[in-house]
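**Student:** Please model the complete structure; the sequences and the hints are all you need to start from.
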Amino acid sequence: MSDALLAETVHFAGAQGDVIEGYLARPLGRDRYGGVVVIHHMPGYDDPTKEITRRFAFYGYAALCPNLYSREAPGASPDDAAAAVRAAGGVPDERLVGDVDGAARYLRALTGANGKIGVIGYCSGGRQSVLAACSLRLDAAVDCYGAFAFFDPPEGAPVAFKPLAGLLPNLSCPLLGLFGAEDQYPSPEEVDAFDKELTRLGKPHEFHSYEGAGHAFFSVDRPAYRPEAATDGWRRIWDFFGTHLAS
Amino acid sequence: MCTYLTKSIPLKVSAKGPEGWFTTTEATVYVDHPAHAPADHTLNIDFINRSIGPGARVALELDAAAARALARAIDAALDEAPEGLLP
Numbered sequence: 094m095s096d097a098l099l100a101e102t103v104h105f106a107g108a109q110g111d112v113i114e115g116y117l118a119r120p121l122g123r124d125r126y127g128g129v130v131v132i133h134h135m136p137g138y139d140d141p142t143k144e145i146t147r148r149f150a151f152y153g154y155a156a157l158c159p160n161l162y163s164r165e166a167p168g169a170s171p172d173d174a175a176a177a178v179r180a181a182g183g184v185p186d187e188r189l190v191g192d193v194d195g196a197a198r199y200l201r202a203l204t205g206a207n208g209k210i211g212v213i214g215y216c217s218g219g220r221q222s223v224l225a226a227c228s229l230r231l232d233a234a235v236d237c238y239g240a241f242a243f244f245d246p247p248e249g250a251p252v253a254f255k256p257l258a259g260l261l262p263n264l265s266c267p268l269l270g271l272f273g274a275e276d277q278y279p280s281p282e283e284v285d286a287f288d289k290e291l292t293r294l295g296k297p298h299e300f301h302s303y304e305g306a307g308h309a310f311f312s313v314d315r316p317a318y319r320p321e322a323a324t325d326g327w328r329r330i331w332d333f334f335g336t337h338l339a340s
Numbered sequence: 006m007c008t009y010l011t012k013s014i015p016l017k018v019s020a021k022g023p024e025g026w027f028t029t030t031e032a033t034v035y036v037d038h039p040a041h042a043p044a045d046h047t048l049n050i051d052f053i054n055r056s057i058g059p060g061a062r063v064a065l066e067l068d069a070a071a072a073r074a075l076a077r078a079i080d081a082a083l084d085e086a087p088e089g090l091l092p
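The listed protein sequences derive, respectively, from chains A and B.
The numbering used here puts the first residue of the first sequence at 94, with every later residue one more than the last.
The numbering used here puts the first residue of the second sequence at 6, with every later residue one more than the last.
To be clear, the hints were calculated from the coordinates, so they are not data collected in a lab.
Treat the hints with care, since some could be wrong.
[As the list claims (entries may be wrong)] Where chain A lies over chain B, by a calculated footprint (3+ residues, C-beta under 8 Å):
hint: 1; stretch: 28 to 36
hint: 2; stretch: 50 to 62
hint: 3; stretch: 75 to 83
Computed from a predicted model, the values in this text were never measured in an experiment.
For every residue, glycine included, the Cβ atom is placed at its ideal position computed from N, Cα and C.
**Tutor:** This is the structure:
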């Protein structure tokens, strides 16, 4: 099997038909592959997130990371873009759903796409992954330590940022949750309550919480990186997407 | 965590960014992940002018002790300045 891949910036229609930027990585030399929408964290459409996107291509998926800050800060550096969007109140939930939908449509239209689409997000993107899976028809979703995916947002949060618990009956696909047992956002209490509610609703899911890991344990460029948790987490992701996004 | 809480104040002051001096329109203050500091979270301050564009920005990422020391130093400098010197 070839390990060649192609990664490049593309443009596609997001929410409201707005043309937004995205980073696409796809395997070469494969006839059929599933698609993964990668949702970047709040610090932005940055190099580490693009590296994650390429990693999916290396493992045989077409992956597309939409630049959620395309509209406010086209061409800006990721940190300047994140600051500008933060000052403007953040990414509205409705727009996020439209941008993920646009990315999913783009992936489904690729030559070789098998039509299966997963979504994965880290940190704020973890919550947005759950939001997308409750709003769109998808085949698999992964929430990596997204705070407020179940508990209500904090007082003072932007109004375009809604509680998700009431949307969970609409969850359209299996959900994999990866959390740090030492994280406080989401806290073990939030993860436990989230898990119980999905069980009560009969929604297929599997949650894993890693001892010795806190928030952002996948981040290889930050002190929070925990290699054991990250290595096992990646293994869970490959198993999960291998099951639900296979041709 | 990615916090969603931001203190924002209108602020018309002069700041020097990558393109030179500009007049800010606001400052945002928040605790969240840094872009550069070797820490998981920092107290971040952005001096910005959105009408110029995202690049019109002076950014600081401070640990808690540095942030409080900076706040104290600002207060002290203001307290010690001769009365009537500053507008």
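**Student:** Evaluate each hint against the coordinates.
**Tutor:** Here is what the structure says about each hint:
1. 28 to 36: holds (count 3)
2. 50 to 62: Held - the stretch 50 to 62 of chain B has 7 residues with a Cβ nearer than 8 Å to chain A, which meets the minimum of three.
3. 75 to 83: Since three or more residues must qualify, the claim that chain A covers the stretch 75 to 83 of chain B is violated, with 0 doing so at under 8 Å.
In this structure, the one hint that does not hold is number 3.
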